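2 protein chains.
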Amino acid sequence: MKFDLTATDLHSKARAGVITTDHGQIHTPIFMPVGTVATVKGVFHRDLKDEIKAEIILGNTYHLYLRPGLDVLKAAGGLHKFSAWDRPILTDSGGYQVFSLAENRKLTNEGCTFRSHIDGSKHMFTPENVMDIQRVIGADIIMAFDECPPGTATYEYAKKSLDLTQGWLGRCIKRFDETEGLYGYSQTLFPIVQGCVYPDLRRKAAEHAAALDREGYAIGGLAVGEPAEKMYEMIEVVNEILPSTKPRYLMGVGTPVNILEGISRGVDMFDCVMPTRNGRNGMLFTSEGIINIRNLKWRDDFSPIDPNGSAFVDTTYTKAYLRHLFISDEMLGAQIASMHNLAFYLWLVRESRAHILAGDFAQWKEMMVPKLSVRL
Amino acid sequence: MKFDLTATDLHSKARAGVITTDHGQIHTPIFMPVGTVATVKGVFHRDLKDEIKAEIILGNTYHLYLRPGLDVLKAAGGLHKFSAWDRPILTDSGGYQVFSLAENRKLTNEGCTFRSHIDGSKHMFTPENVMDIQRVIGADIIMAFDECPPGTATYEYAKKSLDLTQGWLGRCIKRFDETEGLYGYSQTLFPIVQGCVYPDLRRKAAEHAAALDREGYAIGGLAVGEPAEKMYEMIEVVNEILPSTKPRYLMGVGTPVNILEGISRGVDMFDCVMPTRNGRNGMLFTSEGIINIRNLKWRDDFSPIDPNGSAFVDTTYTKAYLRHLFISDEMLGAQIASMHNLAFYLWLVRESRAHILAGDFAQWKEMMVPKLSVRL
Numbered sequence: 001m002k003f004d005l006t007a008t009d010l011h012s013k014a015r016a017g018v019i020t021t022d023h024g025q026i027h028t029p030i031f032m033p034v035g036t037v038a039t040v041k042g043v044f045h046r047d048l049k050d051e052i053k054a055e056i057i058l059g060n061t062y063h064l065y066l067r068p069g070l071d072v073l074k075a076a077g078g079l080h081k082f083s084a085w086d087r088p089i090l091t092d093s094g095g096y097q098v099f100s101l102a103e104n105r106k107l108t109n110e111g112c113t114f115r116s117h118i119d120g121s122k123h124m125f126t127p128e129n130v131m132d133i134q135r136v137i138g139a140d141i142i143m144a145f146d147e148c149p150p151g152t153a154t155y156e157y158a159k160k161s162l163d164l165t166q167g168w169l170g171r172c173i174k175r176f177d178e179t180e181g182l183y184g185y186s187q188t189l190f191p192i193v194q195g196c197v198y199p200d201l202r203r204k205a206a207e208h209a210a211a212l213d214r215e216g217y218a219i220g221g222l223a224v225g226e227p228a229e230k231m232y233e234m235i236e237v238v239n240e241i242l243p244s245t246k247p248r249y250l251m252g253v254g255t256p257v258n259i260l261e262g263i264s265r266g267v268d269m270f271d272c273v274m275p276t277r278n279g280r281n282g283m284l285f286t287s288e289g290i291i292n293i294r295n296l297k298w299r300d301d302f303s304p305i306d307p308n309g310s311a312f313v314d315t316t317y318t319k320a321y322l323r324h325l326f327i328s329d330e331m332l333g334a335q336i337a338s339m340h341n342l343a344f345y346l347w348l349v350r351e352s353r354a355h356i357l358a359g360d361f362a363q364w365k366e367m368m369v370p371k372l373s374v375r376l
Numbered sequence: 001m002k003f004d005l006t007a008t009d010l011h012s013k014a015r016a017g018v019i020t021t022d023h024g025q026i027h028t029p030i031f032m033p034v035g036t037v038a039t040v041k042g043v044f045h046r047d048l049k050d051e052i053k054a055e056i057i058l059g060n061t062y063h064l065y066l067r068p069g070l071d072v073l074k075a076a077g078g079l080h081k082f083s084a085w086d087r088p089i090l091t092d093s094g095g096y097q098v099f100s101l102a103e104n105r106k107l108t109n110e111g112c113t114f115r116s117h118i119d120g121s122k123h124m125f126t127p128e129n130v131m132d133i134q135r136v137i138g139a140d141i142i143m144a145f146d147e148c149p150p151g152t153a154t155y156e157y158a159k160k161s162l163d164l165t166q167g168w169l170g171r172c173i174k175r176f177d178e179t180e181g182l183y184g185y186s187q188t189l190f191p192i193v194q195g196c197v198y199p200d201l202r203r204k205a206a207e208h209a210a211a212l213d214r215e216g217y218a219i220g221g222l223a224v225g226e227p228a229e230k231m232y233e234m235i236e237v238v239n240e241i242l243p244s245t246k247p248r249y250l251m252g253v254g255t256p257v258n259i260l261e262g263i264s265r266g267v268d269m270f271d272c273v274m275p276t277r278n279g280r281n282g283m284l285f286t287s288e289g290i291i292n293i294r295n296l297k298w299r300d301d302f303s304p305i306d307p308n309g310s311a312f313v314d315t316t317y318t319k320a321y322l323r324h325l326f327i328s329d330e331m332l333g334a335q336i337a338s339m340h341n342l343a344f345y346l347w348l349v350r351e352s353r354a355h356i357l358a359g360d361f362a363q364w365k366e367m368m369v370p371k372l373s374v375r376l
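The listed protein sequences correspond, in order, to chains A and B.
Going by UniProt numbering, the first sequence opens with residue 1, and the numbers climb by one from there.
Going by UniProt numbering, the second sequence opens with residue 1, and the numbers climb by one from there.
Chain A on its own, in the form it takes in the complex (with noise of 0.2 Å):
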């Protein structure tokens, strides 16, 4: 993988940027798609490509290996190959879903025993096999393992969490460089920032993670319950330590402002199930607003779904008509609305890209941040 910093604005700390994995190349900053069971839901993978013009997705190691299983994904070829998906792909380590899914965890030094939330059966993730397991899927940016502390940790906790973060970080770099892909392209391997929101920890977390100089850093634990404005005050600090000349990846954030507010403080990679679970709900992302396609006052709005949107959805149907699918239950309601949130995610960063770029993203982040959140 190679990052090349293309511009940095001068009125904040947005950075425009190029990743070159041997999947492509990805445009940074950048939003990845959530495809946690090998499938971003509701979406075909044509329809990531050509409508909401993904450049990466994620996938989630904790589900994959359970469904559908390692030696399926070895037998496809690696989890591109089984989802027809020929783009770059990012793995989670699992930390979080075991954290947050899994039942009868029982967390030591070694790792970390869990039964699956599926069928109960029982299971253990370690640094070392975790690498393992995300060579089988064959991401082109994989996850150290790492314990994720709740937003509301005690500072005792968050410390004692982060030292078993850090050594497990340690093992899982010694596994990675002692292994190769399976599939003849190179995969790489991003330390997470933890440390929960006390400053200190995220700093000591930050130089140590720095320290290692890998390719690429992901800043885990937030938009786990804390204020927003703690997050982003952790984001800072962890950003001025981070090396400038490598990509960071702000973990499972956030919504359009989240994400505007992270690229102001240098975050170059997004992701969040938020635009499909929430498009899922009804809840549409525009960049005049929110709008909630369930209320009444849409009933008869013929007006197209989102005039300035960039996917075939936006412009084809109508408010009224996506209204309906939703009150009467159809799926089609879900698919347009998880295709329209992607595709205005995708435009987001995009739009962000262009005005670092053309050095005015400061001030256009002024502007668009109190319209995104508008209830419409």
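These are computed hints drawn from the structure, not numbers from a lab.
Because the structure is a prediction, the values reported are computed rather than measured.
C-beta atoms are modelled at their ideal positions from N, C-alpha and C, and glycine is treated no differently.
Please note that the accuracy of each hint is not assured.
What the hints assert, rightly or not - Selected chain A positions facing chain B (in silico; Cβ < 8 Å):
(1) Val37
(2) Ala84
(3) Asp300
(4) Pro304
(5) His324
(6) Ser328
(7) Glu330
(8) Met331
(9) Leu332
(10) Ala334
What the hints assert, rightly or not - Here chain B is said to cover these stretches of chain A; the calculated rule only asks that three of the stretch's residues, wherever they fall, bring their Cβ under 8 Å from a Cβ of chain B:
(11) 65–79
(12) 310–317
Keeping the supplied structure of chain A fixed, place chain B upon it in accordance with the hints.
Just chain B now, kept in the frame of chain A:
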């Protein structure tokens, strides 16, 4: 509406023709995907055109009347504009749904009162208001309001029911001919031939309908519980009488084999929920037979879903991937299976038409029928 009979098979009753409507041409024999509530479940209209190659789709009067409601449909300018579909549409009369879905039905000569299956609200359908409703919906081809008795109805019941349906048909035609389309294009009304499984009633119904000299005819009340052989026999009885110069629409039928048997008996138009409903349950129809994609045998079968399939999903995705989606309850599974099945049904009627034109339909049909029912 205009119907041109292009060719008739020498070794069967199969016919090839062209129906011309104000929304474009339909090449018969044709299969019409069912868009119950203004959406073919799980399928974008773009894909109905480009991938499935649908030339006409169905809407359900009962469902559309309840949701989105006539005021919305009228304000939208009709169902075509409301749902962004500019090719022909056919609507059923709501008769079938009133008798299968609605509650507290009360049937009189005047019409039928019922309660909505959605909110229990009370409504009445009469031959007259069902014409008015279908004027508002604005389908190119609309259906007479009829009673659809079960496949197990006694002769006495069937006879009485047919009298009612024939009385209603006269009232439908009167109202239809007194009114005009609301949106600047023409609509046509098909009578429905009922009579259950009783040849003399079917003959009587067909003669009555034929004498009315409408632009096309529907055969209703089949595939409602009677044996397939009975259905084929009734089609033969009715098509012996219906004028050969008018299209014949067999309502709600059926499996791929049913469709080939119908075509060989002179049917021109079909509709059925089977490709989408069975698709959502993981059943795929292919030219080599039927696949239950949930079966363990597909777990690591990385061959294309259907190497002969004409939709992009057929060759983009593998059986193993599609199985994984169904096992993981992912909506993309239903989307892929629905698109595949509909594209297969449309391929089947296109291929039938090509063989009718080539003069070898009967042989081709004999070769296909046993293959279509094989469980793969």
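For each hint, the structure was consulted:
| no. | hint | verdict |
| --- | --- | --- |
| 1 | Val37 | holds, 5 Å |
| 2 | Ala84 | holds, 5 Å |
| 3 | Asp300 | holds, 5 Å |
| 4 | Pro304 | violated, 10 Å |
| 5 | His324 | holds, 4 Å |
| 6 | Ser328 | holds, 5 Å |
| 7 | Glu330 | holds, 5 Å |
| 8 | Met331 | holds, 5 Å |
| 9 | Leu332 | holds, 5 Å |
| 10 | Ala334 | holds, 7 Å |
| 11 | 65–79 | holds (count 6) |
| 12 | 310–317 | holds (count 4) |
Against the hints set out earlier in the document, a violation occurs for number 4 only.
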